[in-house]
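J.: Chain by chain, the residues run as shown.
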Amino acid sequence: MAYRDSPFQALKAPLTWAAAVAGVVAGLIALGLALTDHRSATGPYGAVRGEFDEVMEPVTSALYAPVRWAASAADFAGGYFFAVSENRRLKAELDDMRRWRDAAVALKSENERFEALLKLRTEPPVPMVTGRAVSDVRGPFSDARLLDVGAAAGVKVGNPVMSENGVVGRIVGVARSASRVLLLTDVESRTPVLINRNNARAILTGDGGANPRLEFVRGQNAVQDGDVVLTSGDGGLYPRGLPVGVAARDFRGVWRVRLYSDRGAIDFVRVLLFDDFSQAVDTAALAASSLPPLTAAEQADLNAQRAAAEKPPPPPAVEAPLAPKGAGFVSSAPPPRPMVPITAPSARAPDPAPKKAQPSDPTLAPPPPAANALGSPQP
Amino acid sequence: MSRPGAALDPAQWLALPALAAIVGAICLAVPVRVGGLRLPEPVFPMALAFSWAVIRPSVLGPFFLLALGLFLDLFWGGRLGVWGLSLLAAYGLTLSGRSLMAGQGLAVMGAWYIAACVLGLGFVFLFATIVAHQQPNLMAVVWQLVWTVGLFPAVVYLTNRFEDADVRFR
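Sequence lines, in order, name chains A and B. Note that the working numbering has the first sequence beginning at 931, numbered continuously upward. Note that the working numbering has the second sequence beginning at 1158, numbered continuously upward.
Next comes chain B alone, as it looks inside the complex:
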């Protein structure tokens, strides 16, 4: 845990987790099958969109999310800006409900995280449906949602790691 009272270093709570999300996305894109099954493909930056909004409001956070979204768009071969919008929608929802989460337990935070994931993926689902005139496979969307929700332990770790680091935001 950081020293109380010290200002948060953006490199610690923004840059390093963003780098970890990028590395995670690249590692899980290796074309390999285990027992005939492909590797999962969670949206790693979704955990950051939620955690950063919970830890503290920040001017840099949205722009880091935009950069992560652009990386996903380029790496996954999608339309530029779509994942950025998705992450920012999740960030906005979490930011608006931040005061409601204060003092609540993990279950409430988990529910908010699921809501943020549903909003983010739902936005991409809607955009893909409009652009492609074709509804993406719902089961595939649900699987990606499940894997993304499965990143909740990382959300808890990040939140515990940094939320008390700046007493102004307790």
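Chain A extracted, bound-state conformation:
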């Protein structure tokens, strides 16, 4: 019997259906993952991501090594053959830098005087660690880098990352010896920025392309072609004033930013070990009361309120009418007293003739002491 005539021919349709069912099952698993995950180390699969990055870091680093060696060899050859022209260029650059150095010294001195006069509280210097990008993930849907420094070097989720040219992005995942940077160009990246010329605020929004958009720009005509864009520090994600790029309008009239970090390949980067405000502030000190002391009149008013609160509430003048027969369950409790907002003494405006508290008047009397969960009044 020929193989085609065998009963195995009948397997074709069931196998197609089986493949379809397998596809549906796999699709449901993928859908469940997609709906429960989000792209951060704090997500439900953050540990899995961390372990994956930990494994991939040496692999991609090893693949990148020949490229690095080739680049070093090309640099060496270029330096050897073009040493004279490079020497001239560097001398010209040095002359230019000397002028900038003199200007910077004068400005620094002036700035220190102003800070001393104004008693300005400046931001402390931010420590940083240097790492190397070992993989380059591109594409319209994700733009990220894997770095060879991680939690062992003090890197934390949220730390800003800079190349020698400007801001690159910020850390979204950390393993022991690797970390993942979400670039400014990623479709889920949002960065608060300012226009250096006029301090106008905007949100830098990545879209998977090379030049992220400037959105939510405040003010009319706040942006001009060539404006320098810096981080604003709003929200505490980034320190203020890190260089981001230059504003430019695209062919549709949308403002975009030509990133400084796009001037060269992102290789060595600095991770700023920057804690945002919510991490740096002493929450206990912030929560401590710092109200000013009470005046004599306010203290007397408070004492009168406390004395009134210690007295038992007067019985109601009129008894609650009985419900007609057949009306069902009727509570025997007195009708509730109207609630009156109690203003803190220190927050009130000074009253030249403070009104005496009237304990008999339920609308002016302070509420009885709060009862705890067991029903006994709190001291």
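Some clues are possibly wrong.
As the list claims (entries may be wrong) - Across the chosen pairs, the derived CB separations fall in these ranges:
| no. | chain 1 | residue 1 | chain 2 | residue 2 | range |
| --- | --- | --- | --- | --- | --- |
| 1 | B | Leu1295 | A | Gly1008 | 36 to 44 Å |
| 2 | A | Leu993 | B | Ala1259 | 36 to 44 Å |
| 3 | B | Ala1224 | A | Glu1023 | 50 to 58 Å |
| 4 | A | Pro1169 | B | Asp1166 | 36 to 44 Å |
| 5 | A | Glu984 | B | Pro1167 | 43 to 51 Å |
| 6 | B | Val1265 | A | Asp1005 | 16 to 24 Å |
| 7 | B | Thr1286 | A | Glu1042 | 31 to 39 Å |
| 8 | A | Glu1145 | B | Leu1196 | 43 to 51 Å |
| 9 | A | Ala977 | B | Leu1165 | 32 to 40 Å |
| 10 | A | Ala948 | B | Leu1295 | 35 to 43 Å |
| 11 | B | Asp1166 | A | Ala995 | 28 to 36 Å |
To be verified - Some, not all, of what chain A presents toward chain B, calculated at C-beta under 7 Å:
| no. | residue |
| --- | --- |
| 12 | Val985 |
| 13 | Leu993 |
| 14 | Gly1138 |
Please keep in mind that the hints were generated in silico from the structure rather than gathered at the bench. Where a beta carbon is used, it is the ideal one built from N, C-alpha and C, also for glycine.
Add chain B to chain A, keeping to what the hints say.
T.: Quick look at chain B alone, frame taken from chain A:
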């Protein structure tokens, strides 16, 4: 070509191509620029999603695609499951049109491959737009589509390599 009549070894037509796709994705993620341009970033497993559905229906194929999708999600730093869904959508489309492709030339198969790529990338585009409240850059999507469609020679190779390997699926 495999010996006619012999059952297909999953290691040959599923595992090895999957491994090659993973290696390809890792190799093209090296942070290097050539002439100021970055390396292309095609979706290698998309070629497998199409080829595996053309070669033969299989229970293992969708789960291999799910695993490849999870790898892409982790390696590219995306949301888990999204690329798996994309690959499975392309696989489903190809599987449903498999009988229509039988006996047709390369041009028809190429058209189906482009349709599968558009469906797969379109799904990720839609998902990213919903999640990020931001439309990904269309030019970047088109470039990734172009590079992925450029894997068609690999699709043809895989299909020719394995489609006649099991006479039940001729």
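J.: All hints, please: hold or fail.
T.: Right, here's what the structure says about each hint:
1. A hinted range of 36 to 44 Å holds for the C-beta pair Leu1295 of chain B and Gly1008 of chain A, which are about 38 Å apart.
2. Distance hint for Leu993 of chain A and Ala1259 of chain B: a CB-CB separation of about 40 Å, consistent with the stated range 36 to 44 Å.
3. At roughly 52 Å, the beta-carbon separation of Ala1224 of chain B and Glu1023 of chain A lies within the given 50 to 58 Å, and the hint holds.
4. For the hinted restraint 36 to 44 Å between Pro1169 of chain A and Asp1166 of chain B, the CB-CB distance of approximately 57 Å leaves it violated.
5. Judged by the Cβ atoms, the range 43 to 51 Å given for Glu984 of chain A and Pro1167 of chain B is violated: they are separated by roughly 29 Å.
6. Checked against the hint of 16 to 24 Å, the C-beta distance between Val1265 of chain B and Asp1005 of chain A comes to roughly 50 Å, which is inconsistent with it.
7. A beta carbon spacing of about 50 Å between Thr1286 of chain B and Glu1042 of chain A contradicts the range 31 to 39 Å that was offered as a hint.
8. Under the hint 43 to 51 Å, the C-beta atoms of Glu1145 of chain A and Leu1196 of chain B, about 30 Å apart, miss the expected range.
9. A beta carbon spacing of about 37 Å between Ala977 of chain A and Leu1165 of chain B agrees with the range 32 to 40 Å that was offered as a hint.
10. Range check, Ala948 of chain A to Leu1295 of chain B: Cβ separation about 38 Å, and the 35 to 43 Å hint holds.
11. As the Cβ distance of Asp1166 of chain B to Ala995 of chain A is approximately 35 Å, the hint placing it in 28 to 36 Å holds.
12. Hint status for Val985 of chain A: violated, given a least beta-carbon distance of 10 Å to chain B, over 7 Å.
13. Interface restraint check: Leu993 of chain A against chain B, minimum CB-CB distance 6 Å, threshold 7 Å, status holds.
14. Among the interface hints, the one on Gly1138 of chain A holds; its C-beta lies about 4 Å from the nearest C-beta in chain B, closer than the 7 Å criterion.
Of the numbered hints given earlier, the model fails hints 4, 5, 6, 7, 8 and 12; all others are met.
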